[in-house]
Amino acid sequence: MTQPEDEFDDWHTDSRDVEEPEAVLDEEDAPSSVSFWEQKQRSLLTSAVDYNLSSISSLIKAKQIDLSPKYQRRNRWDVKRKSALIESFLMNVPVPPIFLNEDEYGKYSVIDGKQRLTAIHEFLLGRYALTGLDVFGELNHKTFDDLPSTLQTVLETRANIRALIILRQSDSDIKFEVFNRLNTGGMRLNPQEIRNSAWPGDLNNMILQESTTSEFHSALGIIDRNNSAIYQEMRDAEFVLRYLTFHDVWSTFSGGMGRRMDQYMESNHSMHKDEVDELREKFRSAVRKATAAFGEFAFRRWQPDKRSWRQQVLAAAFDAEIFSADAYEEDALRAHQAILIERLKALFEEAKFRKAVDAGTNTPSFFRERISTIHDMIGEVLKEK
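Residue 64 in the UniProt record's numbering sits at position 64 of the sequence shown, and the numbers go up by one each step.
Since the hints were made in silico from the structure, they are not lab data. Check each hint, because a few of them may be wrong.
Pairwise CB distance ranges, derived in the manner of DEER restraints [claimed, not checked]:
1. E275 - D224: 32 to 38 Å
2. D146 - M91: 15 to 21 Å
3. F136 - D358: 45 to 51 Å
4. H272 - S372: 28 to 34 Å
5. L125 - Q209: 25 to 31 Å
6. G255 - G379: 44 to 50 Å
In silico DSSO-like links for lysine-lysine, alpha-carbon gap of 30 Å or less [as the list claims (entries may be wrong)]:
7. K282 - K383
8. K107 - K63
9. K63 - K273
10. K273 - K107
11. K306 - K345
12. K383 - K352
13. K61 - K142
14. K142 - K63
15. K355 - K345
16. K355 - K383
17. K282 - K306
18. K306 - K352
19. K282 - K345
20. K61 - K80
21. K107 - K61
22. K355 - K306
23. K142 - K80
24. K63 - K80
Being a predicted model, the structure only gives us computed values, none of them experimental. For every residue, glycine included, the Cβ atom is placed at its ideal position computed from N, Cα and C.
Make a model of the complete structure from these sequences and hints.
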């Protein structure tokens with residue numbers, strides 16, 4: 001599975017589509033279209049149910065609908081977009097169906113529609129006030145409890161949303177295929193969200209767990225998940241995967257960063273739990289070492305013209321610092337933190353180093369150069385004292 005190549009610019013990723021030639025089967029080797037169709041028909045069994053909003057919210061509250069299975073993306077909608085959905089229900093505008101997977105009899109997980117279900121459930125619980133409404137402008141700044149009783153009843157009992165349910169008798173892998181196909185439109189999945197859905201297992205679970213620890217979020221400057229693009233777009237998880245993919249092979253990296261991360265997940269998603277736990281400890285240790293070396297400025301850019309540190313995380317600095325610090329002892333790094341920070345600032349003053357972190361940051365030569373430069377700088381500092 002090949003994803004678009006991605007290049008970080010501070011906290012975000014710009015993706016470029018890569019055109020790949022399609023494989024062509026000889027006619028005699030191609031499976032019968034009719035038999036293939038029949039096979040897929042048998043592998044996907046569905047049912048349709050219309051829920052009013054009160055019922056769907058009750059199912060979520062009772063944990064009969066899981067809004068956050070491992071393959072799902074994180075919450076992405078802001079209050080304005082949630083409010084627009086509620087306004088659509090008030091206007092009786094048709095809303096696209098949601099897709100649920102029947103995990104057990106009477107228990108479901110969301111395949112498509114997490115953002116809509118979250119918006120419905122949170123509004124009925126009074127967790128946000130409407131904003132940005134056009135047709136029902138007089139309802140702006142009102143929570144569910146602030147609405148006239150008639151409109152409360154309309155939303156709870158008259159408004160409904162259709163659920164297409166993939167029954168548990170369906171092929172066990174079909175929900176992931178459906179998830180990926182449904183998410184080719186709308187707010188398109190980024191590469192890490194696709195990896196998260198495509199390769200479930202102990203390794204992916206560990207990546208998700210480690211990406212959201214308080215220690216790692218502190219290093220990335222994530223204070224409020226609801227207002228963090230890094231968290232919402234799974235960039236924190238991609239940083240973890242970035243470390244796992246390259247920590248032993250960065251010196252031989254020859255290009256294709258996004259592709260290499262895809263290949264790593266594809267090859268290791270069924271890794272034994274003991275190996276996963278070993279990688280978990282390696283990642284935690286590497287983060288501790290990087291923060292021991294550079295403190296609150298780890299993974300940040302020094303701005304020579306402004307004489308200040310930029311607050312956003314720089315992915316190129318993440319590579320350079322976490323792989324470099326990983327080669328040294330944590331106590332030694334912490335003991336020399338002050339001078340290491342000053343030497344790091346000095347590197348950002350040099351045009352050659354800035355080029356390695358700014359221009360074509362996934363270019364193999366720049367990738368290796370920035371890591372080697374900081375690695376050597378740390379070695380020199382530790383030898384001096």
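Here's how the hints hold up against the structure:
Take E275 and D224: their Cβ atoms lie about 34 Å apart, and the range 32 to 38 Å holds. Under the hint 15 to 21 Å, the C-beta atoms of D146 and M91, about 19 Å apart, fit the expected range. For the pair F136 and D358, the supplied restraint of 45 to 51 Å holds, since their beta-carbon distance comes to about 48 Å. A C-beta distance of roughly 33 Å is found between H272 and S372, which places it inside the suggested range of 28 to 34 Å.
Taken as a hint, the range 25 to 31 Å holds for the pair L125 and Q209, whose Cβ atoms sit roughly 27 Å apart. Roughly 27 Å separates the CB atoms of G255 and G379, a value that falls outside the hinted 44 to 50 Å. Straight-line distance between C-alpha atoms of K282 and K383 comes to about 25 Å, which keeps the hinted pair within the 30 Å bound. With a C-alpha separation of about 8 Å, the suggested pairing of K107 with K63 holds against the 30 Å cut-off.
With a C-alpha separation of about 27 Å, the suggested pairing of K63 with K273 holds against the 30 Å cut-off. Note on K273 and K107: the hinted pairing holds, with a Cα-Cα distance of about 27 Å set against a maximum of 30 Å. Straight-line distance between C-alpha atoms of K306 and K345 comes to about 12 Å, which keeps the hinted pair within the 30 Å bound. Pair hint K383 plus K352 holds up; C-alpha atoms about 24 Å apart against a cutoff of 30 Å.
Restraint check: the Cα-Cα separation between K61 and K142 comes to about 22 Å, which is no more than 30 Å; the hinted pair holds. As the CA atoms of K142 and K63 are separated by approximately 27 Å, the hinted pair is consistent with the 30 Å bound. A C-alpha spacing of about 15 Å is found between K355 and K345, which places the hinted pair at or below 30 Å, so the restraint holds. This hinted pair checks out: K355 and K383 have alpha carbons roughly 27 Å apart, not beyond 30 Å.
With a CA separation close to 36 Å, the supplied pair K282 and K306 exceeds the 30 Å bound. Distance hint between K306 and K352 is fulfilled; the C-alpha atoms sit about 19 Å from each other, no more than 30 Å. Among the hinted pairs, K282 with K345 is consistent with the structure: their alpha-carbon atoms are about 27 Å apart, no more than 30 Å. A threshold of 30 Å between alpha carbons decides the hint, and for K61 with K80 the separation of about 23 Å falls inside it, so the pair holds.
Using a Cα cut-off of 30 Å, the hinted pair K107 and K61 holds, with the two alpha carbons roughly 12 Å apart. At roughly 18 Å between alpha-carbon atoms, K355 and K306 fall within 30 Å of each other, so this suggested pair holds. Restraint check for K142 and K80: satisfied, since their Cα atoms lie roughly 13 Å apart, inside the 30 Å limit. As the CA atoms of K63 and K80 are separated by approximately 26 Å, the hinted pair is consistent with the 30 Å bound.
The structure shown violates the earlier hints numbered 6 and 17.
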